[in-house]
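What follows is each chain in one-letter form.
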Amino acid sequence: DAKTTQPNSMESNEEEPVHLPCNHSTISGTDYIHWYRQLPSQGPEYVIHGLTSNVNNRMASLAIAEDRKSSTLILHRATLRDAAVYYCIPGEDQGAQKLVFGQGTRLTINP
Amino acid sequence: EPEVTQTPSHQVTQMGQEVILRCVPISNHLYFYWYRQILGQKVEFLVSFYNNEISEKSEIFDDQFSVERPDGSNFTLKIRSTKLEDSAMYFCASSEPRRHTDTQYFGPGTRLTVL
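Residue numbers (the working numbering), protein chains in the order written: chain A, 1 to 111; chain B, 112 to 226.
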């Protein structure tokens, strides 16, 4: 499993953009980069995933470095509801795979 | 929107007792998973299940654990003789894996407390 490094915690203000970094220098060429988050007292929730190109969906954007050794999850306008632990999880491209969670980044949003 | 459900939300049991945690995955999903999260720690993979058999299991998933899909809708995790260290949140997840998009959908969890 590829090792990931994320900041333990980050803080931002409501309605401001948030950039959550992740280093995954040992990622394999076929691993996708998945991001999940865990809101307080809830199960993990899928956010976004990508392989090489930057990706956008209604929740967030994912910027992937050209060498794929790092990526950044971007929340364009954070809300209080975005306060959660965010996990970056490289995953093999072989269908259903277990998710290997690290410690993640605990994001605090100030009103 | 379809969701994974789990029952009960909280289970309290005595050490040595058997517990069964229940999950109803999303109806058209084919892969099922159990994860656990001890308080303050990481979410840990326990087991994945497909086509009525275990696809992969972790070292945590020893002989005390078993999984079953007794009918077309439920997916259960049984712990035969609970230990204090089994106290954790247990999350069920399901997915409909397609190439490049194996998104797992998680339930709200069952909090297991072993006394």
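Rather than coming from a laboratory, the hints here were simulated on the basis of the structure.
Keep in mind that this is a model prediction, so the values were computed, not measured.
Treat the hints loosely; a few may be bogus.
List of simulated lysine to aspartate or glutamate pairs, EDC-like, C-alpha gap at most 16 Å [stated by the list, open to error]:
(1) A:K3 x B:E155
(2) B:K189 x B:E207
(3) A:K3 x A:E45
(4) B:K194 x B:E129
(5) B:K153 x A:D82
Footprint (simulated), chain A over chain B, 3 or more residues, beta carbon under 8 Å [stated by the list, open to error]:
(6) 188 to 199
(7) 213 to 222
Just so it is clear, CB atoms sit at the ideal spot from N, CA and C, and this is done for glycine as well.
Against the structure, the hints:
1. A:K3 x B:E155: Between K3 of chain A and E155 of chain B the Cα gap is close to 15 Å, so the pair holds against 16 Å.
2. B:K189 x B:E207: violated, 24 Å
3. A:K3 x A:E45: violated, 21 Å
4. B:K194 x B:E129: Within the cut-off at roughly 10 Å; holds.
5. B:K153 x A:D82: violated, 19 Å
6. 188 to 199: violated (count 0)
7. 213 to 222: holds (count 8)
Violated hints for the displayed structure, listed by number in ascending order: 2, 3, 5 and 6.
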